[in-house]
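Number of protein chains: 2
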Amino acid sequence: MPKIPVRVVSWQEIVDWSYGLAERIIDSGYRVDVIIAIARGGLVPSRILADRLGVVDVISLKVEHWVQTASRNPEARIKYPYSVDLSGKNVLIVDDIADTGDSLILAKDYAKRNFNPKEIRTATLQVITQTTKYVPDYYYLEVKDWAWFMYPWNYWEDVINLVKKLKDSGVNIKNLEELKRAYVDSYGSHPPIDLNIIIDEMKRRGEF
Amino acid sequence: MPKIPVRVVSWQEIVDWSYGLAERIIDSGYRVDVIIAIARGGLVPSRILADRLGVVDVISLKVEHWVQTASRNPEARIKYPYSVDLSGKNVLIVDDIADTGDSLILAKDYAKRNFNPKEIRTATLQVITQTTKYVPDYYYLEVKDWAWFMYPWNYWEDVINLVKKLKDSGVNIKNLEELKRAYVDSYGSHPPIDLNIIIDEMKRRGEF
Numbered sequence: 001m002p003k004i005p006v007r008v009v010s011w012q013e014i015v016d017w018s019y020g021l022a023e024r025i026i027d028s029g030y031r032v033d034v035i036i037a038i039a040r041g042g043l044v045p046s047r048i049l050a051d052r053l054g055v056v057d058v059i060s061l062k063v064e065h066w067v068q069t070a071s072r073n074p075e076a077r078i079k080y081p082y083s084v085d086l087s088g089k090n091v092l093i094v095d096d097i098a099d100t101g102d103s104l105i106l107a108k109d110y111a112k113r114n115f116n117p118k119e120i121r122t123a124t125l126q127v128i129t130q131t132t133k134y135v136p137d138y139y140y141l142e143v144k145d146w147a148w149f150m151y152p153w154n155y156w157e158d159v160i161n162l163v164k165k166l167k168d169s170g171v172n173i174k175n176l177e178e179l180k181r182a183y184v185d186s187y188g189s190h191p192p193i194d195l196n197i198i199i200d201e202m203k204r205r206g207e208f
Numbered sequence: 001m002p003k004i005p006v007r008v009v010s011w012q013e014i015v016d017w018s019y020g021l022a023e024r025i026i027d028s029g030y031r032v033d034v035i036i037a038i039a040r041g042g043l044v045p046s047r048i049l050a051d052r053l054g055v056v057d058v059i060s061l062k063v064e065h066w067v068q069t070a071s072r073n074p075e076a077r078i079k080y081p082y083s084v085d086l087s088g089k090n091v092l093i094v095d096d097i098a099d100t101g102d103s104l105i106l107a108k109d110y111a112k113r114n115f116n117p118k119e120i121r122t123a124t125l126q127v128i129t130q131t132t133k134y135v136p137d138y139y140y141l142e143v144k145d146w147a148w149f150m151y152p153w154n155y156w157e158d159v160i161n162l163v164k165k166l167k168d169s170g171v172n173i174k175n176l177e178e179l180k181r182a183y184v185d186s187y188g189s190h191p192p193i194d195l196n197i198i199i200d201e202m203k204r205r206g207e208f
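Protein chains in written order, with this note's numbering: chain A, 1 to 208; chain B, 1 to 208.
Just so you know, these hints were derived from the structure itself, not from any lab.
Where hints are given, some of them may not hold.
One copy or any two copies: either way a pair holds, since identical chains are not told apart in the list.
Unchecked claim - Straight-line distance between alpha carbons at most 20 Å, and here's what the computed SDA-like set of lysine to any residue pairs gives:
| no. | residue 1 | residue 2 |
| --- | --- | --- |
| 1 | K164 | V56 |
| 2 | K89 | E64 |
| 3 | K203 | G20 |
| 4 | K89 | E201 |
| 5 | K203 | E13 |
| 6 | K164 | L195 |
| 7 | K164 | M202 |
| 8 | K108 | E207 |
| 9 | K79 | N114 |
| 10 | K164 | G54 |
| 11 | K79 | N172 |
Computed from a predicted structure; not experimentally measured.
Construct the entire structure; sequences and hints are all you get.
Put into structure tokens, the structure is as follows:
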């Protein structure tokens, strides 16, 4: 069975971390004109930061990660690319976590080439220093030991993917008690959505 | 002093309402390919809906409301307009609330003309039936009596604006006790951020 440490993050933690991150940005003296939210992970942190910092303009960039044939490492690219004029503006690119750093590297490069801003800085709630190739200009929490952080806007998708992993490793997910035991044993935390509800949703999606 | 009924909304309510809204969309049989979040109000509901519905693609449209000279009614327009190709896609435009309905009308028309989708539907957490010119295809709560809904991603901005209204109506906001009494008396609810912290932030922003 897979052994992946999963840490369930609450909404209150997201608010606390976002406010803490905002204070670091304020303390640095950087005056943000436009926030670019990396979709989908940066959407909620961006909205809370915009409130705390008093930023009206929030736009987004959809980053997708796709696995190239014969390559183990997924590559990041911008889906639905577009150009807007941000000349003279101080930009803050926001994501939830810097895990590999690929999304931030890509979005920063893309914004530089297509949006023509005055300055670009980057911010995330968390950074995993062991694994990231890029450290954002601002972050709130440094994660020393890798874990999968399950953010509250991703509970359904994450739990479904974790159940699929158990299924792939041979767990009989039709037996709810066995599934529950295997889940906690493999991930070290309880699912934030009841597994019987998740199973119903997987059936609806044709993924059971 | 202004008398504006203010209703403070919690994160848990946002989650419950978003999940409830998602279930209505599921029950209708509409299969969403792309969510268009109206920024900034639709960013958080969009992210939660995307999770619940299993939608990977979330993009955003920044709508701004500006007051034309000699007009009392603010007009909605798209800030940072752009075009992407959504041909063949079922689109869902998401906002927090249909109050006047202007943002949804504008975004739907804009998406139709610039994104070329197969179909567009609209969804909000709440609709104020008294005042809206447009009723979204999906909504979770119908508000019969107008109130200002203070969403958790907008606490700072809303409380600052409500304090400014008190100041404009003659309340001495330098007297914290007087300010607190006037706030509760005028808005019928307690501020979700302490007013002394709000005053500090207003000073930082040069708005005190």
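**Prompt:** Which earlier hints turn out false for this structure, listed by number in ascending order?
**Reply:** Violated hints (numbers, rising): 4, 5, 8 and 11; every other hint is consistent with the structure.
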